[in-house]
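Following the hints, put chain B in place on chain A, whose structure we already have.
One line per chain: the protein sequences are A and B, in this order. Each residue of the first sequence is one higher than the one before, counting from 113 in my numbering. Each residue of the second sequence is one higher than the one before, counting from 13 in my numbering.
Incorrect hints may appear among the rest.
[To be verified] For lysine-lysine, the following BS3-like pairs were computed, each having C-alpha atoms within a straight-line distance of at most 30 Å:
(1) B/Lys163 with B/Lys122
(2) B/Lys127 with A/Lys401
(3) B/Lys127 with B/Lys159
(4) B/Lys300 with A/Lys152
(5) B/Lys336 with B/Lys265
(6) A/Lys401 with B/Lys336
(7) A/Lys303 with B/Lys300
(8) A/Lys401 with B/Lys223
Just so you know, the hints here were simulated from the structure itself, not pulled from any lab data.
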Amino acid sequence: MYNLNLTAEQLEFRDTVRDFVDREVKPVALLPARLEPFEKPLLTDLLDQASQMGLRTLALSEEAGGAGADGLTSCIVLEELAAGDVDIAVVLGQTAMLGRVLFDQLMTPGQRKRFLPEFVEDDQYHLAFAGRDADANIGWCYHRPLAEEADTEPTAVKKGGDWVINGSVAFASNAPIAKLIAVQVRTDPKKTGMNGLSTLLVPRDAPGLTVGQAVPAIEGSGQRIRWHHGTGAGMVFKDCNVPADHLLGKEGQSPLAGGAHAARGATQLAAINIGVARAAYEAAIDYAKLRWQGGRHIIEHPAIGMKLADAAIKLEVARNTVWKAAWVADHPDAVSDRSASGLPLHIIARAFTAEVLHRATLETAECFGAMAVMRDMPLQKYVHDTLVLLHYADNDSAAMLQIAEAVAGYQRPLAA
Amino acid sequence: MDFSLNEEQRGWQMEARKFAEEEIRPISLARDQIADPSKTFDWEIIRKGSKLGFRTLAVPKAWGGHEADFVTQALVMAELAKGDSSVSKTFSQCWKWSHLIAASCTEDQKERFLKPFLADDTFVLGKGGSEANAGSDNRMPPEDDPKSGWKLQAERKGDEWILNGTKLYIANGSVAKLFFVDARTNPNVGIREGSTMFLIPNDTPGFRVGKVFNKRGWRFYQNGELIFENARVPHANIVGEVNGGVKARATDKSEFGDIELAANALGICDDAVGLAMNFARTHKRAGKLVIDHQLVQLKLNEMYALTEALRSFVLRVAWERDQKLPDVGNNVLVMNYSTDVVQRVTRLNMEIHGAEGCMMNARVDKLVRDAMIWTHLAGDTVQRVKVVKRLK
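Okay, chain A solo, but in the shape it has when bound:
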């Protein structure tokens, strides 16, 4: 049974992180000097502090030295972090999730022995995954076999005892700060698509690896702008050598592409979305109680009351949807015993949350009148941040068609 009582541990996590955000993050993140420039460098000191609180290793098992947080607890923590700074939440969410997947689920004992101690010890040890999302194109191929995609992966060949990687990756989240990167490489040139791909563990200091500069807010040409949170960069491999035993899983497999990992990522992003919208909503309530127009505090005008009520509804329902998706993923038997729907709850949560919370954020910003669009105030940033989450690569409207395929019971034929 879906339980609405958070555990004592979850409540403590929430209160501790909320307190950290109020005391440490907001005073920095809300400074006009931080808000106004287009470029907002990652708040690395705060990332270090968050790591010391255990948030970088949040989802890593307790045996491995982490906090062992389940999916729901991670969502609770990420919502709180995002209410302070969306980039901190995205970076920590990515490292925490990959920490669990890599160290607890995919690495061999030997790999764990080599990489885990430093990961647990070093507050600046972040993780990245460079590879394609196996489900990315599904919506565009609704009720049809997946279309072939151009192959962009780096190649890797075995030479002596090493893998030699060549090629480039256009973008990977966390790349500029990652000390270990799981890289999808083509190891079988005769196969296409997801077939023939393998995943290698590449340390940041591997010879032949160059990680690019973090993507700037505005590209040099001025024609494109950064459209992601956290940090990210491309990377180039030039005869990059890693030992043969850095293979993650089996040759020809991509254990990080799609599946449970992608589902957890989508649900986390939805929780981060709630944090951003909640920050706007709470700011609007505070301001509406202070601002005096029309002969009373504006919160007493029905037109403002409706905006706040509408935002409250959207936040409550969004949180229900996200928490349910996280809880069901934490309790897979809930689906097998027919307690919960077998639909892709993570896509439902992500799509619903992004849409309604962008609208709620815009509406709550409207309570501020002209101040909503001023760059020394956070409202315009909240609006932008929810817009980025709404039009993320994993969340175009085609993604929703994955839900329709599930509803229809469509079985996609396996690629050759």
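Relative to chain A, chain B alone:
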């Protein structure tokens, strides 16, 4: 019913389209991306546009302007806005106040202010109403709170008035040479009976421009802080009568400001539709052109339908103003409608483009940011509430 444009209207429309495509659009994104809000302006584009008549379009012919009708004004604003919404607004802000000069200024004032405005390609106009604690109160003064509304103080000393106070978010604040400024001349009654409108040249002693506000959208169009520290203004600069500021404003029956915002929004929608169609015809997803996906076809349909409906509404209201038909609230309704349409159409354009990996088309984002400005323009919600009294 006749929807055709006359030759003059068509001529201005073509002229504006050409100027927008050849001159405005090429500088639009670069200006938008200048980080310092006080450095976004480009006097060259104002000069060029002024020489073509876009600064003085609304001034009566008798005074040397073009006296374009409202349909023409709407067409020109939309065309210019398709190149850049905030450049269009910088020009039309001049029309807004030249309507007021024509309607309520004395011959002496027209001589002193309208003439130099016409003669100088860089003479831009502005108006100061908003203050830190006077926003929607200026639009809809509450009956039970007569002290609400602007507080900027004006006291008479002989032939001069001494002004003290600060205006916020004033459009063209940092670039205008002349402002209409609302001041309180009787603090004991509401603004309708207790305020006076002054003509304030930017070289008025005791007057200066403070901060230029750093906005999310409309970055070319600068909003500034106007600071009055014992500013001395001649009595002859009063528009209308003492304590008759609100009445003086109301002598301009054109309700231009409402059509203005709607026509400008139409230009953004046209731009969004153009970008979306171009993208959909040139990019592929899963081996098919984007435009061949049902998903996108439905969005394009909605973008077109909303944009064409807005066009019809804008031109109808402009025509109603030209015919001097009774004002039944349509001008406010079209402004409110444009607020909703411009949000939706710019968002649909963003949906169609989607994120390219980790990047977004900068102009697609700019249109969404410019559109957000509408959510508070002219006190959007206040106008929605206020207009109900005028509806039959």
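Hints, one by one, checked against the model:
no., hint, in the structure
1, B/Lys163 with B/Lys122, "holds (27 Å)"
2, B/Lys127 with A/Lys401, "violated (48 Å)"
3, B/Lys127 with B/Lys159, "violated (37 Å)"
4, B/Lys300 with A/Lys152, "violated (37 Å)"
5, B/Lys336 with B/Lys265, "holds (9 Å)"
6, A/Lys401 with B/Lys336, "violated (43 Å)"
7, A/Lys303 with B/Lys300, "holds (23 Å)"
8, A/Lys401 with B/Lys223, "holds (27 Å)"
This entry does not satisfy hints 2, 3, 4 and 6, going by the numbered hints stated previously.
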